[in-house]
Amino acid sequence: MRDFSYMQADSVGAAVASHAKGADSAYISGGTTLLDLAKLEVMRPGHVVDVRKTGYDTVEQLDDGRLRIGTNVTNTDLAYHPIVKEHYTVLSDALLSGASTSIRNKATTGGNVMQRARCAYFRDTAAPCNKREPGSGCSAIGGHARSVFAVLGTSEHCVVAHPSDMCVAMAAIGGVVNVEGPNGKRDIDFLDFHLLPGDTPHLEHALEADEMITHVTLNAPIKGGKSHYLKLRDRASYQFALASSAVIVAMDGDVVRDARIAMGGVGTKPWRAAEAEKSLTGKPATEENFAKAADILFANAKPTDDNAFKVPLGKQAVVRSLQTVTA
Amino acid sequence: MSNDIIGAAKPRIDGPDKLSGRARYAADHYPANLTYAYGVFSNIASGKIASIDVEKAKKQPGVIEIFHHDNFPKLHRSPSNFAQQNKVDEARLPFEDNNVYYGGQFVALVVADTFENARDAAHFVDVTYQESKPVTSLTAALKNGDPKQAKSSRHTRGDADSAFASAAHQVDVTYTTPVETHNPMEMHATTADWNNGNLTFYEASQGVVFAKNTIAAVFGINPARIDARAPYIGSGFGSKLWIWPHAVAATAASRELGRPVQLVVPRAQMFTTTGHRPATHQNLKLGADANGKLQAIVHDSVNSTSFVGNYVETCGSVTKSLYDCSNVRVTHATAQVNQGTPTSMRAPGAAPGLFALESAIDELAEKIGMDPLALRKANYTETDGSKSLPFSSIHLMECYEKGAKEFGWDKRTPEIGSMKNGTEILGWGMAACNWEALKRDCNARVALRADGTAFVSCATQDIGTGTYTIVAQTAADVLGLPLDKIHVELGDSAYPSGPLSGGSWASASALPAIHAAAKKAADQLKGYAVEEDAVFADAKTDDLSLADGKLSLKGGQSVDFVQILQKRKVAEAFGEAYTTGATGDEYSFRSFGAHFVEIGWDPGISRLRVNRVVSAIDCGQIVNTKTASNQVEGAIAMGIGMALFEQTEYDHRSGMPVNNNYAEYLVPTHADYPEDVNVLLLDYPDYKFNDLGIRGIGEIGITGMAAAVANAVYHATGKRVRDLPIRIEDLMSA
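If you read the protein sequences in the order shown, they are chains A and B.
Last residue of the first sequence? That's 327 in the working numbering, and every number before it is there in order.
Last residue of the second sequence? That's 1734 in the working numbering, and every number before it is there in order.
Just chain B, with the same shape it has in the complex:
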C-alpha cells in the first residue's frame, strides 16, 4: 500500500453531497402517487386494545386507509436467523393481534395523501384499552421473579467462587446502567414502492442485505424481487441494524393500496419501537492477591428485555478476555419489562460491561493501595484466557504507556480531592477499552471504465462513518487513480452482497474484498493490454503497472488506461471478489485501548465537566486518520453522555417514557465536549486478521469511557457512583 492514500487524512468524498442536500435519505424519495403513513401509538404500556373507532378519522381530509389489527394483512414472522441474514430483535409483527406489550407500540396506521393529513387524522383514531399493570423497570421485573439465564453467552474457567473467597483483597459491588436510546439524527424511515410484485424499498438501514431478506421472509416472496436501498443514512448506532415494525407496516400498506407509501417514525417513537440499549444490573466480584494479581473475576449481569423479544446484553463479553486470571465466570440473564425490544447500541455488552469492570478494577486498586494503571499493567496478558489463544496483535501495554505519558499520569496525586484548579477540584481517572475484532463474508465489484473512472459497488453501507471514503481510498490505491476518479456506490442490495454496518466489522470485511476486486479489474485491463494487436502486445502483465491513470510498461511507454479499453471496444475491465468472514482458530482477535480523563468538579455550584481526554487506540491498520480519529472522538462524546447524561426515563406508574425528545433526553452538546481531546492511533496492521491488517474502529472508543469518567469523579469527590448516569445530586454533600 502506498502511504499517500492509505493511512492519509482524507476528507469524506460524500461530504459535498451531504452538505448540499444532494444526498437523498430514505424519506427523500418521492415516487409517483406517493402516500404518507403516520402511526397511532399505544399510550398504555400493557394490556389489550378493547376497540378501535376509525370512523371520525376516516372522514378527515386526504385519508386513504387506516390499518389496525382487524384489517392488517396476514404476514409471516421473520425466522430471525443471523446466518440467513434475516435477523430481527422484535419478532412480533405490527398489528398481529390486539395485545399491547409496550408504550409507543403501533396500534393503527393512517395512510393519507400528505404527511400532514395523515398525522392530523391519526389524532382522530379513537382507541380504548383494557389496561393491565405494566412492569415498568428492570428493578420491578426482578422483584417479580428470577431472571432467565442466557446459557449461550456464559463462560466459566477455573473455580471463581472459591478463588474469590480466599483472595487477599476482594471487591463485591453492583453497578447499574439505565435504558439508553440511540437517537440518530435521521429518524427511522421507509419508502416502499411495489410494482408488479417487485419491491423498491428505501429504508434507513445499516444492512440492505438483511433488510431485503427480512422483508422477503415477512412477505413470503423471493428476495430477488426486492431492491433494498440505503445509500445514505443519518447514522444508526445499532438501531438500524434490523427491520422494525414501522418498515413492515409501511411495506404492507403499500402492497395493499397499490401505491407507494412513505413512513417516518416520529422522534417520540424512536424511543419505543426501534430498539434501545437495555437497563443492566451487574454484580462484579474481583479477588486479588497482595500484589494485585487477579485471582478471581465474577461478572453476573441481567438486562431488561421486552415481552416480544429476548435481547441479551453481553456485559461480560470483554470481562472474560481482558485480564490474566485463571478463575473467571461471566453470566447473563434477562428479565421482561413492558418496554419496546432492546437492541444493539454502539458497543453492545462492552459499553455497559466495561463501565462495571473498569470501575471495579479501580475499586480494587484503592483497596490494595495501588495506582489504578499499575494494577491494570500487573494483570496484563497477551493470551485470551476464555479461548486459550494468543491475541493476533496486541499493543495494549503501549496504549497504557503512550496514553499515560501524553496525559501526564505520573503527576497524579492519589489522595481524593487533592488536585485543584481555581474553584474546581480536578479528578484524574483512566480505564481500558476493548472490542472484539470481527469480520464477515463480503463480495465486491470494481470496474475500470472507458470514461477514465473506476466504479466500485458493494451492498454494504456508509452509516456516516466514512465508508465511502475508505472504499475509494482502497480502490484508488490499487488502481493508481486519484480519489475523484473513483465512483463508489454502496447501500443497494442489488450490488454484490456485503456486510452489515455494525460490530465494527464493515471496514475489515469490505476493504479486503474491494482490494481483491480492484486487483482483478487491473489484471483484466493488463490482460487486454497484452492481447495480440494491443498496445503492449509483446509485454508480460507482470511488467505492467497502473499509476496516475496510466498503464506503464517497466522501462517502456505509458498509455492512458482508457485507450486499452477503447481499443478493445469494451465499456470496462472489471473484477469481482469474495473474501471470507472466517478467522481460523489460531488466534483471538480483539482491539485494545485506554482512556485517560480529567474531570472538573466545582463543589461551590455543583458543576461537573469533562475537561480533558487522551485515548490511545490499537485497532490495526488505520486507513484514514481523519475518519478514524473522528470515530473515536465521536465515541468519546457518546461515552461522556453515557457517563453523565443519557437515560431514557419512564413514569414508574404508567411505564411511558417521559423524556422522549431531544430537549430532555440529554446527550452532550458541543459545549460539553472537552476542548482538549487527543486520540492516539497506534496503527499496527493485523495481518493475521485480514490481508490489509484492518480491524474496526466504530465502537471501541465508547467502551471504558464511562468508567474512566466515574473513576475520575471518584478521584475528585470521593463519591463512587455505581449507577449511571452520574448526576450532580449524587455528588452534592448531604
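Same shape as in the complex, but just chain A:
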C-alpha cells in the first residue's frame, strides 16, 4: 500500500472540496473495497477522504412513498431496517446473501454501489487488464473465466460480472442515485449509474469528477407486489453469485400486472431485464411464459469458455423466482 494523505470530512461540502484538491483522490466509507485493493496496489489513491462523519446514515420514507437511504448506512443496518424488511424484502434478502456478517457491518450503501470487480486478473497487477490499465488487454478472455464472469453486456475488452447483490435488488426496485459535487447536486437514474464496459471498461459509473454519492432513493413499492431474491452459487455462503435474480411481481388475478426483473452474476452491470418484463406483463403466470421471459432475457448471452452453464442457470434462477412470487 502506498502512502496517502487522509482527511476526515465533517460535511459533504468539505469532502467534495478536499477530494477536488488532487487528481488521485478517493472517498472512503466502510473501506471494504478500497483498502483491499490498495493493499494489492490495484488502487493507489494519493489522497483519501473519509466520509463516515458526514452524516447521511439514516433511512427515511419520503412523503411520496419513496425510500431515501443515506450513503453511510451499513449493509447490515439497511437489511434489518423495518421498512426495508417489510416493503423491500427483495433488497433485505439480497443484502443478507452478500459477503459475510463482518463485511456487511462495515460496508455501506454508497460503497456497495461503487463496489469494484472481483476478477482475479484485475486484482493481479502483473496481469494485463483493461479495467486497471486501459489498453493492456483482457486476461480473462481465453484465461480462467468461470465464477465471476458475465454472459450479458460483455465486450471484447472486459467480461467481468458486476459483483453486488444489493445493486441487483435496487435495479429491480428502481430509483435514483443522489450525488453531490463541485457543481452542486444531481440525481442519476439507478439504471444509468453503472456503465457497460464497451471499449472503456475502466469507466464504471456515471459520476463526474469529485462527485460523491449522498443517497440512494428507491421508488415506492409496487402496490400488491411480491418480491424474491434468489442467489445461486457453489457454496451456501460467502461467494459471489454465479447467477442471481431479483423479481417483483404484482398480479391481477392470474395475470401479471407488473413485473420487475433484475439479474446478478451474469451481467457486466446490475442487469435490469426490461424486455423479459414486457413479455410477462398482461400475461398469465404460467411456466411457459416464465420460460419465454427467461429465454428473452438471455437471448443475446455470450458466455466465456468456462461459464456457458450460467445461461441455463440464470434462466433457472429467474423462473424459480417468478414461480415463488406467483405461487
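This list has only true hints and no planted wrong ones.
Simulated pairs of lysine-lysine, DSSO-like, Cα-Cα distance not exceeding 27 Å:
hint	chain 1	residue 1	chain 2	residue 2
1	B	K1420	B	K1367
2	B	K1293	B	K1411
3	B	K1059	A	K39
4	A	K106	B	K1018
5	B	K1056	B	K1074
6	B	K1688	B	K1520
7	B	K1626	B	K1519
8	B	K1569	B	K1485
9	B	K1485	B	K1520
10	B	K1058	A	K39
11	B	K1056	A	K39
12	B	K1143	B	K1048
Hints are computed from structural coordinates only; laboratory data are not their basis.
Mind docking chain B on chain A? Use the hints.
Below, chain B without anything else, positioned relative to chain A:
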C-alpha cells in the same frame, strides 16, 4: 484407566488462552529490535531472473536490507532424511540461484523496521525475467512425456492383468483430483532470533524437532544451539510438517543482520511456496466374479510434482490392503509441473486414492446389480493382503452395520433419482474410510511438583486438535489429579523429543510415553514416601495409591502428595520415559470406518447440498469423545470441500494461481455443513498397537468422504463425476 477421565468428553484446556488471545502464535513474538521481512514473489512460473533492481526499494522508508540470489548467504541443503528428522519436501533453498521454477517463488526479501514498510518497499523491487514456457498442469506434463515411476511404493501380488481380463464384471475408469491447498487459518510464519550463535526459532510448525534439525542442517550448526518453538499453531493439515523456504529466508536474514526477523507468508503465497496436495490422475481396474467377489484390482496413479522436489502421492496405499483380493497391483508415478512443491495434506494418498477406489467399487456394484454396501461386505477381509498379516484390531463390519442402521440404508431405493423431498432429489451414497495406524518414538517427562501441580513436557505439538487436553487427561488419570492441576507444555524442541503432529500418530506415540513417565513420577513420589522418617516409612510402595491429590496407604491414612515433597525438601518427583515407534511384524495396523451420505439435488435451480452424514469410525481407544468427534466432524467438512468445492485453479497460459484467496478458493462454510452429522466412535482399544490401545483419528475422517458424496450424487442424478470437484455444471442436463 478410569472412565471419568479417559474416554470422557473434556473441553480443551487451551481453549481459554486461545479465546482470550493469551495463546501466542509464531508471529505473536516481538523480541527487542525486531525487524520485519516481506517477500517479493515471482510473477512468472518458469524462467530466469534477468535482473533485480533494488535501488528504488532501498530508498523507501524503514528499509534495512534487501536479499536476493546475488547477496543471499551461502547455506546448505537439508539432507532430507526422515529418520534423521530433517526431512523437507522442497529441497531447494530460497535464492540459491536465478532460476524460477514456479509462480509465487521467493525472488527477493525486503527487511524493514515495520511490516508495512517492508511490504510497501517490496512493491518497488523491480525484477525482470527471461520467461520460458511453463508446464501449467498435470495433463500438460503428461503430454510432454512418460511420468517417472515411483518404485518404492509399488505393490504387486498375484497376476492382476490376467485376472482382470478374465473377470466376469469389469470396471476400467480414470479419476482425477485437482491441486488442493491446505489453507490453515494461521499463515506460515517465522520469528527468528539469533544470540551469540544460538537461535530461538518460533515457527508455525507441526514438528519442532524436525524444524530444529532441518534449520541446523541448513545453517551447518549443532542442533543443540537451536530452540524451535511452536506452542500454538493455527492448524496445518500437513503444510507445516516440514521447513519451507520462508523459514530459511527469515532465519538467514536474522543472522546476517544481527537482529531478530519476523516473516509472515501472505495468503496468496500460501498457495505457492508452502506445499499443496498435488493433482492426480488415477486409473482403476476392478474385476469381479458373478457374485461380486473381487478377482483383480489395478490402481495406477500419477501426480503432479515440482521441478525442485519429487513428492509422491501414494493413492494406492489403501487399495492394496482394504479388500480381499489375490491379484493386485498399485503403482505411483510423478510428472513435473511449474508449481510449488506438493506435500502431505490431510490423509495424503488415501484421500484422493479412496475417492477413486470407492467410486470404482460403486461403479462395479452397479454393473453387477448389487447393493454397494453388500458388495463391500462381500469383499471384507481381516487380513492385510499386501503384507499377509492379520489386522491387529478390525471392526469394519460393525462400522458398516452400525452406520447403515443409523443412516437407514435399508430404506434406500436403488433406482437413479427415485428418492425425493419437495423440489429436491435425494441421493444416498456410502464409502469405506481407512488410514494406516502409525506411531513414532517418543520421550516425555512428567513431574509432580511441590506446588501441588503436575508438569508434563514433550516436544510434540498441539496443532489445534486437542493434544494438550488428551495429554493432560493421560497424566491426570495416572497421577490422580484433577485436569486443572496438570500443566502441559508442548511445542518446544528443548523438551524431550516427541513426534511430528502428522500421520495421525501423535496421540498413539505421545500418550503411552506420557503415561509411562507419569507412572515413573508417581513411583518416585512413593519411593520418597516410604523412605526412613518419611510419612509412610513402614509401608510398601505397592500399597500406596494416588488419588485426588493425595497419597493413600491401603487401609491407612492419606496425605497431600505435596507434603511428601516438602518433607524431602525437593521441588518435584519426576519420571522420564521413552516408548518405541516399532510395531513388530505380526500384525498390520490400520483404522477403519464407513461414511453414509445423503445429498439433495434441486434440478430446477441446479443446487447441490450435502444434507446428512453418518460416519462410523474404528480407531482404537477414544481418549476424549469431544475432541475425537471434532476431528471426524472437521474431516467430514473437509471431505465435503474436497468433493464439491476445493481446487486451486491456475491460468493455463501463465501457470499462475488465480483463486489464491479465501474468497475464491472455496472451502465449506458453516452454511454448507449438514445440520445432521452423526459420528459413531466404536472405541475398541487396540492393545496390540500400544499399551493404551490408541490409534490416531486426525485423518481417517476425510478418506472416502468424497467418494461417498460422488456416489450419492450419482444415485440422485445418474451422473458419474470422476473429476473433482463435482460442479453444478457437471450435473446440469445438456
